[in-house]
Structure formats: structure tokens, C-alpha cells
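Participant: Sequence:
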Amino acid sequence: MIHLDWENRETIKQVKCVHDNAAKYVVNNVLTVGKTYEVKNETEEFIFIIDNTGKVGGFYKDYFEEA
Numbered sequence: 009m010i011h012l013d014w015e016n017r018e019t020i021k022q023v024k025c026v027h028d029n030a031a032k033y034v035v036n037n038v039l040t041v042g043k044t045y046e047v048k049n050e051t052e053e054f055i056f057i058i059d060n061t062g063k064v065g066g067f068y069k070d071y072f073e074e075a
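Residue numbers for the sequence shown, in this note's numbering: 9 to 75.
No lab work stands behind these hints: they were computed from the structure.
Predicted model only: the values in this text are computed from it and were never measured.
Be aware that a few hints might be false.
[Stated by the list, open to error] With a straight-line Cα cutoff of 20 Å, these simulated SDA-like cross-link-like pairs (lysine to any residue) come out:
id: 1; residue 1: Lys24; residue 2: Gly62
id: 2; residue 1: Lys21; residue 2: Val34
id: 3; residue 1: Lys63; residue 2: Arg17
id: 4; residue 1: Lys43; residue 2: Ile10
id: 5; residue 1: Lys21; residue 2: Lys32
id: 6; residue 1: Lys32; residue 2: Asp13
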């Protein structure tokens, strides 16, 4: 149950948001283009960060680049 303490876990790396143009989901209210985010967990397809709401959210990797 790793998801219960993600907010308090050590940051894996930092990524920078490069766009918020989602084809399917609304992400422009939780991501800011140009802002750097702390990565708390990562899978092949998703990055889990603390977004603008202050909570951990999972996003496709194509929104980000290495900071």
C-alpha cells in the first residue's frame, strides 16, 4: 500500500511540465507549464507527482521532461 505515504516519501527526481494539452483528460487545472514537480513514484507509462492541488496525481510521461 505504497500509495498511502507517497506524499512523505523521498523524491525520486524532478521533472518539468512541458505541456498541458490533454486529448482525453483535463489536466490544465492541476499542471502548470514550465513548473518543476517532484516525482514520488514512476512506472513505464506514468509519473506520480505532487500536483498543484497538493496531492499526488498520476500523469502520462509525455507531459514532462527531466529537470
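Participant: Would the hint linking Lys32 and Asp13 be met if the CA-CA limit is 20 Å?
Facilitator: Violated: Lys32 and Asp13 sit about 28 Å apart, past 20 Å.
Participant: Within a Cα-Cα threshold of 20 Å, do Lys43 and Ile10 meet the stated pairing?
Facilitator: Violated. Lys43 to Ile10 sits at ~26 Å, over the 20 Å cutoff.
Participant: Checking one constraint from the list: CA of Lys21 to CA of Val34, max 20 Å. Satisfied?
Facilitator: violated (24 Å)
Participant: Hinted pair, alpha-carbon criterion (20 Å max): Lys21, Lys32. Please report holds or violated.
Facilitator: violated (26 Å)
Participant: Going straight from one Cα to the other, do Lys24 and Gly62 come out at no more than 20 Å?
Facilitator: holds (16 Å)
Participant: Do the alpha carbons of Lys63 and Arg17 lie within 20 Å of each other, as the hint requires?
Facilitator: holds (13 Å)
Violated hints, listed in ascending order, are 2, 4, 5, 6; each of the other numbered hints is respected by the structure.
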